[in-house]
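Q: Here is what each chain is made of, one letter per residue.
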Amino acid sequence: MSDLALRAGHPAIKERGALASLSRLSPDRLVPWLLPLILLVLWQASASLGTLPPSILPAPFDVAKAGWRLLRSGELLANALISFERALSGLLVGGSIAFILGLSNGLSRLSERVTDSTIQMVRNIPNLALIPLVILWFGIEEGAKLFLVSFGVFFPIYINTFHGIRTVDPQLVEMARSYGFKGFELFRRVILPGALPSILVGLRYALGIMWLTLIVAETIAAQSGLGYMAMSAREFMQTDVVVLAILIYALLGKLADSTVRVIERYSLAWHPAYRKGARA
Amino acid sequence: MTALATKPRSAQTRGASVSLHGITRSFGDTPVLKGIDLDVRPGDFVAIVGQSGSGKSTLLRIIAGLDQGFEGSFTVGDTASEKASSRIMYQEPRLLPWASVIENVAFGLGPVPARDHAFSRARTALEAVGLGDRGGEWPDVLSGGQKQRVALARALVSRPDLLVLDEPLGALDALTRIGMQSLLERVWQEEGFTALLVTHDVAEALTLADRVVLIENGRIALDLDIPFARPRRRGAVQFGALEDELLTTLLKSKSQTEEYII
Ligand SMILES: Nc1ncnc2c1ncn2[C@@H]1O[C@H](COP(=O)(O)OP(=O)(O)O)[C@@H](O)[C@H]1O
Ligand SMILES: [Mg+2]
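Protein chains in written order, with our numbering: chain A, 145 to 424; chain B, 769 to 1030.
Honestly, the hints are just simulated from the structure, not real lab data. As the structure is a computational prediction, the values presented were derived from the model and not from experiment. Where is the CB? At the ideal position from N, CA and C, for every residue including glycine. Among the clues, some could well be false.
[To be verified] Non-contacting residues of chain B with respect to chain A, defined by C-beta distances greater than 10 angstroms in every case (computed):
# : residue
1 : T798
2 : T843
3 : G876
4 : R998
5 : A1009
[Stated by the list, open to error] Reference listing, derived: stretches of chain A covered by chain B, where coverage requires no fewer than 3 residues with Cβ under 8 angstroms from a Cβ of chain B:
# : region
6 : 295 to 301
7 : 309 to 323
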């Protein structure tokens, strides 16, 4: 659809999107980094002065050194990769099931009647409460993490897909029908684009839950991954590695969030709230 | 100018005739339309007026094929020839916000693959409503009147034989409205479709229509021919008597219903 918009070739549309967001680093863009930077300097200063003992919180410099060491040994990359793989596969499995169920319940009253109240019931179980049961089922194999992450990401994606489809403007649907659109064409041209903002909100929530679930699962039941790395470092009192793992989690979470923002900027370029200048 | 006074304004009138026979529609136990009979000649511009809630939209939705729950029958176009096509235009533009202006117009061609051919037709329709240079923009940057012009282009891009319009200018400010009225008259004269316009503005009906039909209590209460030459000047003196007659009937039916409610 967007290529058609480009073909129509109006500068207003050409200008929007990635190029604009990659523009020079303006002071405006640097401001959000100011506070973290000040905190970092304060942290380093109090560690160097000895007010902050390394057993509580190691200096940023030591954390960086630990990072460099683990990076050179390949341990860091291997663990990060495994965590990333688990997160992604859980998101794919749980997310696709949720998306399909959300679509079918949004589009069909029958499907909603059959499944929705069951889903709402299961939704009230916090996914981390399932950990003991999941360990009984899967041990600490990959299945356990896959199950927990899938279970966690399922609900935000399901609910927002369902809600998005149900709240598509009925006047637009009537208009499209009067122009002869039905079935898949109606879905592709009207219903899906109308539901997309809500679906992406669901995705963003899901990403947060995805990391949280994975961290807990890896801390409790894993023999690899970032959570495991932090946990075994604790046994050896390697505070620097523990802090490193936490920082990497924060970084990965931020990365996931930014990815969704980029997707939003592209696919919701029509939406005034996601336009260049207006940041959600 | 006097040449346009009588019928043939368009050399090739391809509009569809419309005939309604005893159209009756109730919602629950409330009858809204109680037997509407109406014959519209091909290419005519008919305005339908009536107080709010008198069933004008209901009637249009039936003619546009959006409502199946009615009794009676109607035909659009000569049943012998190929099926006549009709389009509806609403009070709201109902543009797809995620499609560019030109894509919205091409949407009016129905679920056909979006080929270059479709886009060149859409561009022609967009030029006809004076927005040829806005095709690449998102609908939400347009003003209310411009959006309604895009909706008009979308309705006309498939060259329908009948266009039904449900208060399409109702939400526009007075000046934009006058501009839209002349645009509507111009495209109607150029294209030769049959037009059924619902409006609550008696002056608008008199400016645009060959014939004004007033609906009251589910029936046609008044059916007036408007014989004046085009283009008509708004609020022309000759309108006076007709405007009076329409307004009197409208106000009478309004006070009647109000008594009823009390
Ligand atoms: N789908 C519907 N369900 C129930 N009542 C309806 C429906 N559509 C219209 N009505 C009723 O029918 C009457 C006529 O409505 P409408 O045709 O929209 O009036 P108008 O367009 O002349 O203002 C109103 O009283 C309205 O409440
Ligand atoms: Mg109405």
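Q: Hint by hint, say whether it matches the structure.
A: Structure-based check of all given hints:
1. T798: holds, 22 angstroms
2. T843: holds, 19 angstroms
3. G876: violated, 6 angstroms
4. R998: It holds; R998 (chain B) is separated from chain A by about 29 angstroms at its closest Cβ, greater than 10 angstroms.
5. A1009: A1009 (chain B) is indeed farther than 10 angstroms from all Cβ atoms of chain A, at 38 angstroms.
6. 295 to 301: Not satisfied, violated; 0 residues make the cut.
7. 309 to 323: holds (count 8)
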